[in-house]
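For the sequence shown, our numbering begins at 15 and goes up steadily by one.
These are calculated hints, taken from the structure and not from any lab test.
Every clue listed holds true.
Here are the simulated distance ranges between beta carbons:
hint, residue 1, residue 2, range
1, Val43, Gly93, 23 to 29 Å
2, Arg32, Ala64, 37 to 43 Å
3, Ala102, Gln63, 15 to 21 Å
4, Ala126, Leu95, 34 to 40 Å
This one's a predicted model, so the numbers in the text were calculated from it and none came from an experiment.
We put the beta carbon where it would ideally sit given N, CA and C, even for glycine.
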Amino acid sequence: MNITDDPARSAETGRAARRQLPSFLVIGVLSTLFYLLLFVAARGFTGAQAANLIALAVSAVANTAANRRFTFGVTGSEGALRHQLQGAVAFLIGLGLSSGALALLDLAVPNASRPVEVAGLVVANGLATVVRFVLLKVWVFRGR
Numbered sequence: 015m016n017i018t019d020d021p022a023r024s025a026e027t028g029r030a031a032r033r034q035l036p037s038f039l040v041i042g043v044l045s046t047l048f049y050l051l052l053f054v055a056a057r058g059f060t061g062a063q064a065a066n067l068i069a070l071a072v073s074a075v076a077n078t079a080a081n082r083r084f085t086f087g088v089t090g091s092e093g094a095l096r097h098q099l100q101g102a103v104a105f106l107i108g109l110g111l112s113s114g115a116l117a118l119l120d121l122a123v124p125n126a127s128r129p130v131e132v133a134g135l136v137v138a139n140g141l142a143t144v145v146r147f148v149l150l151k152v153w154v155f156r157g158r
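Modelling step: build the complete structure from the supplied sequences, incorporating the hints.
This is the structure we're talking about:
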């Protein structure tokens, strides 16, 4: 039987997602601010793509840990490494989106200012956030 074949289970999954969304959004906003601060700091000594990689790698680990605990209610160390490795898939998707945004920006506006780079990253990060929630909900923390 598929989850969509059971109306009661499907309704409970929908309710759980609505309960989890506010926590996910708060963590997402804080993670995005952390990511952007890291990006701007790293951008002072390296190129845009390297700064993006550094900032996204650090913030993604923190984001997965925070969502694990606060959004999906998983405590303790059991499964933490697996969750981080699965979260790395979302990180790679986010990296692809943000790297692509920076590459497109470089083509459209060579030598763009930091605020323009940051604006492009905010848009890419918004798209990555939607993908991240879906992946965390249906794959990494399924059933929670």
